[in-house]
Amino acid sequence: MVQRTKNEFLDLSAVMRRRLAARVWVPLRLHEEETEGEYGEVGYKTRFDGAHSIMVPAEHRQHGEKYGWSSTSDARPWAEADFYKPADIYSHNRETDVGIKLVLRQDAVGEADVHWHLHQDLVIALRLTREKDSWVRPEEDYAEVVRLRRGQDGLPSAIEIKAEYLRDYLNARNASLRIASYFSRRTVDTDMSEPHFKDGSDIEEADGGRYESMAYAVDSSGSPYGSKVAMFRMFRTDVDGGEDVPLMGPETGENTDGESWTHERGGDKFWSLSTEFLRDEWFEQGAASPRVRGDHVPSQVSFIVEADGTRLGADDLDDQDIGRWLWFSPQVIVGLANRRGGNLRWYTRFTGGIGISGYSPVHFGLNERGLVNIYAYDVASLPEWERRYWAGFNVAPEGGVSAELLSAQVDAVVAKTTAPESDFAPALHAVAERWKSRYQTELLREHDEAGTISRQVHRMRALDAAGLLALAKDIARLTADSIDASVAQAVGLPPKGNKPGSLKSVEQALATICGPALARSVMGPLFAVYELRLSDAHLPRADKAQEFDLLKIHEDDLPIVQGYKMIWGTVAALNQIAAVLDDFYPGSERFERARSAVPPA
Numbered sequence: 013m014v015q016r017t018k019n020e021f022l023d024l025s026a027v028m029r030r031r032l033a034a035r036v037w038v039p040l041r042l043h044e045e046e047t048e049g050e051y052g053e054v055g056y057k058t059r060f061d062g063a064h065s066i067m068v069p070a071e072h073r074q075h076g077e078k079y080g081w082s083s084t085s086d087a088r089p090w091a092e093a094d095f096y097k098p099a100d101i102y103s104h105n106r107e108t109d110v111g112i113k114l115v116l117r118q119d120a121v122g123e124a125d126v127h128w129h130l131h132q133d134l135v136i137a138l139r140l141t142r143e144k145d146s147w148v149r150p151e152e153d154y155a156e157v158v159r160l161r162r163g164q165d166g167l168p169s170a171i172e173i174k175a176e177y178l179r180d181y182l183n184a185r186n187a188s189l190r191i192a193s194y195f196s197r198r199t200v201d202t203d204m205s206e207p208h209f210k211d212g213s214d215i216e217e218a219d220g221g222r223y224e225s226m227a228y229a230v231d232s233s234g235s236p237y238g239s240k241v242a243m244f245r246m247f248r249t250d251v252d253g254g255e256d257v258p259l260m261g262p263e264t265g266e267n268t269d270g271e272s273w274t275h276e277r278g279g280d281k282f283w284s285l286s287t288e289f290l291r292d293e294w295f296e297q298g299a300a301s302p303r304v305r306g307d308h309v310p311s312q313v314s315f316i317v318e319a320d321g322t323r324l325g326a327d328d329l330d331d332q333d334i335g336r337w338l339w340f341s342p343q344v345i346v347g348l349a350n351r352r353g354g355n356l357r358w359y360t361r362f363t364g365g366i367g368i369s370g371y372s373p374v375h376f377g378l379n380e381r382g383l384v385n386i387y388a389y390d391v392a393s394l395p396e397w398e399r400r401y402w403a404g405f406n407v408a409p410e411g412g413v414s415a416e417l418l419s420a421q422v423d424a425v426v427a428k429t430t431a432p433e434s435d436f437a438p439a440l441h442a443v444a445e446r447w448k449s450r451y452q453t454e455l456l457r458e459h460d461e462a463g464t465i466s467r468q469v470h471r472m473r474a475l476d477a478a479g480l481l482a483l484a485k486d487i488a489r490l491t492a493d494s495i496d497a498s499v500a501q502a503v504g505l506p507p508k509g510n511k512p513g514s515l516k517s518v519e520q521a522l523a524t525i526c527g528p529a530l531a532r533s534v535m536g537p538l539f540a541v542y543e544l545r546l547s548d549a550h551l552p553r554a555d556k557a558q559e560f561d562l563l564k565i566h567e568d569d570l571p572i573v574q575g576y577k578m579i580w581g582t583v584a585a586l587n588q589i590a591a592v593l594d595d596f597y598p599g600s601e602r603f604e605r606a607r608s609a610v611p612p613a
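Add 12 to a position in the sequence shown, counting from 1, and you land on the number used in our numbering.
Mixed in with the good hints there might be a few duds.
Stated by the list, open to error - The calculated PhoX-like cross-link candidates involving lysine-lysine, where the alpha carbons are at most 25 Å apart (straight line), are: (1) Lys-511 x Lys-564; (2) Lys-564 x Lys-485; (3) Lys-485 x Lys-516.
Because the hints were derived from the structure by calculation, they are not lab data.
It should be emphasised that the depicted structure is a prediction, and the values quoted were computed from it without experimental measurement.
Build the full structure now, drawing on both the sequences and the hints.
Below, the structure is given as structure tokens:
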């Protein structure tokens with residue numbers, strides 16, 4: 013039995029107890045080294061943790077058993093005349109390919125740099141994308157699957173992979189991973205302070221590996237104490253260094269000479285104490301390969317399908333003809349939209365799609381209670397990790413199924429409505445274009461984050477009072493905050509006293525076209541949004557009554573409905589501004605002419 017060392021630095025008990033194959037992050041290659049002090053000096057310490065591995069197909073497991081720490085881990089092709097083996101192949105001989113190196117080390121010729129390459133088949137099979145020193149899987153919310161760690165010198169020190177993904181890949185390849193590891197600790201002390209050490213080496217078999225403790229007396233250079241060193245010097249005697257062009261002829265006994273002497277190492281006596289542990293282990297393949305091969309794995313997720321809380325498993329709902337809908341809290345849409353790569357789109361006033369860019373979105377609808385409805389199959393057919401996410405927001409049925417969603421999925425009739433979210437960016441663009449066409453100036457300043465902010469303008473943000481005001485803030489950033497007041501003031505009525513703000517400046521400019529009353533009415537919703545942006549979520553609703561009235565928001569509306577009305581009011585105001593700038597507004601000659609051309613109902 014291996015005895016624990018008194019010196020904690022030399023203790024390898026934790027390393028021996030924790031198998032690499034049992035880690036969450038399994039090292040495919042490991043090379044970590046730390047040194048403190050100069051070798052031979054008291055207090056010197058050095059630590060090394062190392063591992064390399066190969067993927068071994070099941071039919072070559074017997075040969076894989078021979079793979080250990082001393083097996084070469086270099087990545088070089090084996091090339092001879094009429095014979096070639098790629099650099100990723102580990103061979104037992106010319107005929108037998110034992111396994112594949114999933115990490116290939118490349119030394120840069122003429123540079124101190126070293127490159128480690130993750131095998132491209134692993135990357136492609138698991139559909140990974142490299143981002144700096146991580147490989148992520150976009151279709152699982154950009155989960156980190158493989159990571160490259162570096163030492164203080166910036167060189168690679170470890171490439172590790174999440175165990176669940178490696179098991180999936182190995183199952184698809186019908187292979188296992190053979191890991192060879194070596195750990196060592198060494199220090200220099202004034203005496204042999206370890207009671208279980210003996211002068212020399214002691215080897216034990218323990219924890220599936222080989223443990224060795226060593227103690228050697230050394231001098232101040234770290235060389236074996238008391239050892240004798242024989243020195244030899246051989247030299248030529250027939251070369252005249254004073255000649256302009258010295259020549260050295262063939263070596264003979266007549267033109268060579270030499271001398272020798274011995275030296276015994278002594279002086280101060282210290283002790284080099286070290287521990288080492290080597291182990292070879294197998295990391296086995298998983299029971300299935302849902303990611304690489306698409307194997308079906310029984311789902312652990314269930315959803316509420318009845319008002320009394322009755323649940324059905326995701327596998328039971330994974331049927332196109334299931335004929336059921338599910339209910340979710342609207343927070344699920346917010347979370348998915350804010351996820352990296354999240355994409356929220358609107359089809360009609362109360363239906364839309366949510367998903368990740370590049371993948372088919374999930375069709376959803378909003379019911380009269382502000383809950384999200386989705387056809388059960390559309391959620392149940394998702395990957396397991398996404399099912400778990402949706403299940404976290406699943407609620408009991410309430411408020412029925414969205415009328416517009418039923419119309420589309422049951423009657424095959426798409427509602428002839430539009431969501432104000434879809435019209436927000438086009439309405440902003442219309443104002444900018446109409447202003448430029450009329451005055452040849454730019455009314456709206458460019459905003460570096462305009463696209464990002466615009467995507468955040470949706471009713472799902474307004475799940476409570478604070479969310480409604482946050483939505484108002486983002487709308488104001490693209491309206492009031494983006495308006496160049498000086499441009500508007502250049503065409504508006506001459507200001508009296510202090511120059512007005514951006515919204516007031518636009519109102520005065522519009523007044524020169526359609527009159528003060530209509531200009532004030534048109535701009536009202538934008539003023540309301542701006543005031544709400546500046547207000548406090550905890551203020552009584554009475555303090556927001558004027559703004560709510562301008563946006564046609566009722567205090568009893570659900571927050572999500574209030575958000576919808578805020579966006580709708582903003583879009584309506586922007587479209588009316590564009591119409592005024594285009595001389596197409598009630599009372600204008602163009603408007604009246606167009607109205608008179610419409611046949612009576």
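Taking the hints in turn, this is what the structure says about them:
1. For the hint linking Lys-511 to Lys-564, the alpha-carbon distance of about 30 Å lies beyond 25 Å, and the restraint is violated.
2. Among the hinted pairs, Lys-564 with Lys-485 is consistent with the structure: their alpha-carbon atoms are about 18 Å apart, no more than 25 Å.
3. Annotation: proposed proximity of Lys-485 to Lys-516 holds, straight-line Cα distance about 18 Å (limit 25 Å).
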